[in-house]
Amino acid sequence: MSQSTVSPTPSAESRAAGSEVLSVEGLRKIYNEGKPQAKTAIDDVSFSVTKGEFVCIVGPSGAGKTTLLRCISGLAKPSSGKLAFEGAPLTAVPDQLGLVFQDYGRSLYPWFTNAKNVGLPLAARGVPKAQRTRRVSEILASVGLGHVEKQYPWELSGGMQQRVAIARALSYQPDLLLMDEPFASVDAQTRFDLEDLILSVRRDLGITVVLVTHDIDEAIYLSDRIVVLSGSPSRVREVVDVPLGRQREQVATRASDEFLGLRRHLLDLVMPHAPHAA
Amino acid sequence: MSQTTLPTVAPERADGPSIGETTDLLVTDRRTRTPGSVLRRVLIAVWLPIVLLVLWWFLSASSTSPFFPPLSRILEEWWNQWVIGDAKFQLASSLRNLLFGYVGGAAIGLVFGTLLWRFPPMRRVSNPIVYFLYVLPAPALLPAMIALFGIGELRQIALISFGAIWPTLLNTLDGMRGIDQVKFDTARAMKLSPPRVLFSLVLPGAGPQIAAGLRASLQTSIILMVVTEMVAAKEGIGYFILQAQTVFAVTTMWTGILTLAIIGTVANYLFVLIERFVLRWYYRSRALGNS
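Sequence lines, in order, name chains U and D. Take the first sequence: its letter number 207 is residue 207 in this note's numbering, and every next letter is one higher. For this note's numbering, add 1000 to where a residue sits in the second sequence, where the first one is 1.
Don't take every hint at face value.
What the hints assert, rightly or not - From the structure, some residues in chain U lie toward chain D, with a derived Cβ separation under 7 angstroms: (1) Phe101; (2) Trp111; (3) Leu120; (4) Ala124.
Unchecked claim - Label pairs and their calculated CB-CB ranges: (5) U:Thr133 with D:Phe1199: 16 to 24 angstroms; (6) D:Ser1193 with U:Pro89: 19 to 27 angstroms; (7) U:Lys150 with D:Arg1188: 22 to 30 angstroms.
Derived from the structure by calculation, the hints contain no laboratory data. Even glycine gets a Cβ: it sits at the ideal position worked out from N, Cα and C.
Pulled out of the complex, with its shape left as it was, chain U reads as follows:
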């Protein structure tokens, strides 16, 4: 992907419709619709993601971020609005979508070895066994894991387990990787490693990524654009462009003036009444 896709203020219309991976239009989600205990989780959310982009969705806690992700992944049905994946209406989880959940302990299957976990979506797609084995080793290596095929997920550290989960989502070469707070369950150091891993995976595979997080710094560090949600029920408060370029580095990038400026702006958006962070 060229740098031009990350140019400042590209309006949704200026993006070529053909390269649009995901489009969300007027999405609304009401739980228990029509009942007295009805609760609007998402009021009105619209945004789109172009091919090769890294988009983060941030918002205050309880803003319905996970609900939004469940809707755009096809796991939950929106109450109204239009969802499209690569131009086609999205009704079920698309074939070319990879999903990574927050809690690897809950999403990995502890009864299978790492190889079997990663190979499961390939088996479901009818990939022959020999090819599967090769592909599993390949993808495990690309997330920085070698020879863990015969081990079980619970024999690995938390960060390594999340790598297995990421490898599983990438094994069938999806066009879009959707991640729900993927680094929230690991310690700070591992978190940085995983952030850099996902940036390098994205560079190598040219994959489109949408990542939900509550961490503003993480969102700025990773994304090309940030969709900022308002509190519950969520609306899009602003879509912020992140013109930091493709090469990012934990210490230098996070210390740059652009980063700090964006950080202040985003904090303002997420916590409108809070005093300015120093």
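Since chain U is already given, all that's left is putting chain D on it; use the hints.
Just chain D, lined up with the frame of chain U:
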């Protein structure tokens, strides 16, 4: 498996031990822990039975009571009856009924437990019936079974099956309902087909509890095996015991009871052995302290 994934090493240090270290840790862990703990577990399991056997041996040694013959005589008689004599044919008949009854009942329990999990309306409708049949003592059905199936082994197998259904069915249902929703979301995200969801997620996920149900079913089956042989039967260990008691062959009766105890113990240990193998992921992950 290639050893050439160089970039691996650096990030893994940050995560904690590298892969090699993890493996070593695990192996040494198992090596240092297992022999001592196995010996201790065996000792804890067998010391009381051994003490009781020794007590039985000595306290009954000079017994003249016709009801409690010396253990030495029981063992001698056991050898004569069950190893040299014809009693082993009773054993064959019992074991055959047990096997067919248990396997049939457990299979029905597993299949219907899965169906009830898969189709909640079916579950709601059948819930009262299932619990009604579950609490009904199976031996009470013997007369009805005799009326239905006559007095042959079919009746025995049917009753053993009936009793074996419920623990497996209820545990299967409960285990499947307890599987984390996130694992089902993951399955949908991976586009797993329904049969794949069943065999890759639902059955292994409910595995530990299904095993608990199968074990309870096995115990019920052994009890029912004996009970069915004691009523209107012409063969089996239960019949053998009852027959010996009727003709006041008390020592012979005791050999039958001893044989039953051996069957129960062996069946139980076999079960545990298979369970430990099939669910080794579960026991090993629990031993590691992760979920």
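Taking the hints in turn, this is what the structure says about them:
1. Phe101: 6 angstroms, holds
2. Trp111: 4 angstroms, holds
3. Leu120: This interface hint holds because 6 angstroms falls under the 7 angstroms limit.
4. Ala124: Holds. Min distance 5 angstroms.
5. U:Thr133 with D:Phe1199: 16 to 24 angstroms: Cβ of Thr133 of chain U to Cβ of Phe1199 of chain D: about 20 angstroms, so the range 16 to 24 angstroms holds.
6. D:Ser1193 with U:Pro89: 19 to 27 angstroms: 23 angstroms, holds
7. U:Lys150 with D:Arg1188: 22 to 30 angstroms: 27 angstroms, holds
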